[in-house]
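*Asks:* Position chain B against the provided structure of chain A, taking the given hints into account.
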Amino acid sequence: MIDRDSFFRLFVLVIVVGLLAVGGVLMPETTFIVGIGILIIITGLFTVLETRMMRAVIYMLLTIILIALLFLAANSEIMFALELSVYGGGIAILFLFSAVLIENNDIPIDPKYLRWGGAIMVLFMANLMLLILSGVPSTVDGAIVMSDDGLGLVAEFSKFLWLKLAHTMPFVALLMLGSLLGSVRLALTDKEVLMENPKLEVA
Amino acid sequence: MIDLIYFVILSSILFGIGLLGVVIQTNGIRILISVEIMLNAANINFVAFNSYLSGTDYSGWTMALVVIGIAAAEAAIGLAIFISVFRSFGDITLGNLFALGEAQEVE
Numbered sequence: 000m001i002d003r004d005s006f007f008r009l010f011v012l013v014i015v016v017g018l019l020a021v022g023g024v025l026m027p028e029t030t031f032i033v034g035i036g037i038l039i040i041i042t043g044l045f046t047v048l049e050t051r052m053m054r055a056v057i058y059m060l061l062t063i064i065l066i067a068l069l070f071l072a073a074n075s076e077i078m079f080a081l082e083l084s085v086y087g088g089g090i091a092i093l094f095l096f097s098a099v100l101i102e103n104n105d106i107p108i109d110p111k112y113l114r115w116g117g118a119i120m121v122l123f124m125a126n127l128m129l130l131i132l133s134g135v136p137s138t139v140d141g142a143i144v145m146s147d148d149g150l151g152l153v154a155e156f157s158k159f160l161w162l163k164l165a166h167t168m169p170f171v172a173l174l175m176l177g178s179l180l181g182s183v184r185l186a187l188t189d190k191e192v193l194m195e196n197p198k199l200e201v202a
Numbered sequence: 000m001i002d003l004i005y006f007v008i009l010s011s012i013l014f015g016i017g018l019l020g021v022v023i024q025t026n027g028i029r030i031l032i033s034v035e036i037m038l039n040a041a042n043i044n045f046v047a048f049n050s051y052l053s054g055t056d057y058s059g060w061t062m063a064l065v066v067i068g069i070a071a072a073e074a075a076i077g078l079a080i081f082i083s084v085f086r087s088f089g090d091i092t093l094g095n096l097f098a099l100g101e102a103q104e105v106e
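If you read the sequences in order, they're chains A and B.
Those letters in the first sequence? Residues 0 to 202, per numbering that gives the first Met the number 0, in order.
Those letters in the second sequence? Residues 0 to 106, per numbering that gives the first Met the number 0, in order.
The shape of chain A in the complex, shown without the other chains (with noise of 0.2 angstroms):
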């Protein structure tokens, strides 16, 4: 019987070594493409479940690489290096540090939250599933075929958004500038602070 530690080494291993150096290069593209996938799909899932956290923000790690292969896979080379650089070499890296620094290890999972997450994650799944499935246009040969009624559901929703970008640029900025003044407000004021003058206590 393998231990969790044993297990969790021999997981890191099989993907970088297995995955990374051999199959991008042995495996045809499709298999690749679906390879990853599961792959994404069981660190998530690790991430998400481990009850240890700096485990917990390895497997988030490797989830992150896994999400920048598939963007290389999927002809985006910029993306993959800006997932990689930006995501995994500063996101992670912050989390990793904040996991050091909080010192809460082994946090177990409430059985309770668990099947009340997992209800909704299911009903969650199936209102998408059904969403996806019935809009989504097939492709052959990498072009889109159109049904007879036009285009399905999410690219429609897709174009909505790409021709609407400049409406959501400065929306994104005022949240951007909200936090960074909501952030400075909470650094500045400190335990003591509060204790000895209670008006700046927020209400």
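By construction, these hints were calculated from the structure, which means they are not laboratory data.
Yeah, the Cβ is synthetic: ideal placement off N, Cα and C, and Gly gets one too.
No false leads were mixed into what you were given.
Beta-carbon label-pair distances, calculated as ranges:
(1) D56/B with P110/A: 46 to 56 angstroms
(2) Y57/B with R114/A: 36 to 46 angstroms
(3) P110/A with A72/B: 31 to 41 angstroms
(4) D56/B with R51/A: 40 to 50 angstroms
(5) F88/B with D2/A: 31 to 41 angstroms
(6) V33/A with A72/B: 26 to 36 angstroms
(7) Y57/B with L176/A: 17 to 27 angstroms
(8) E76/A with Y5/B: 14 to 24 angstroms
(9) G89/B with M128/A: 40 to 50 angstroms
(10) P110/A with V65/B: 31 to 41 angstroms
(11) F88/B with A125/A: 33 to 43 angstroms
(12) I69/B with E28/A: 26 to 36 angstroms
A partial selection of chain A residues facing chain B, derived with a Cβ cut-off under 8 angstroms:
(13) I40
(14) G89
(15) F123
*Replies:* Coordinates of chain B only, in the frame set by chain A:
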């Protein structure tokens, strides 16, 4: 190349996994990790649609880049908040944080 629907299904499953993490986790940082997974699922959609639907238009990549930028900012700010809270109260379990707030008001 592989059919587009595989990317969409993968993205939706990953989004559901992130949603599961947000619901079942009580630790603040674990919830942020789950949110990052959800954002990555959205990125997969953007990149896949850009590869399939647009030849020279890179709108999908641009939107994915915006999402990455927002995720980085949100992760930095959220983690700073939680570390600050941990230094003040010694705990970042969300249920306990609300109880601590109520306890302070009573005092």
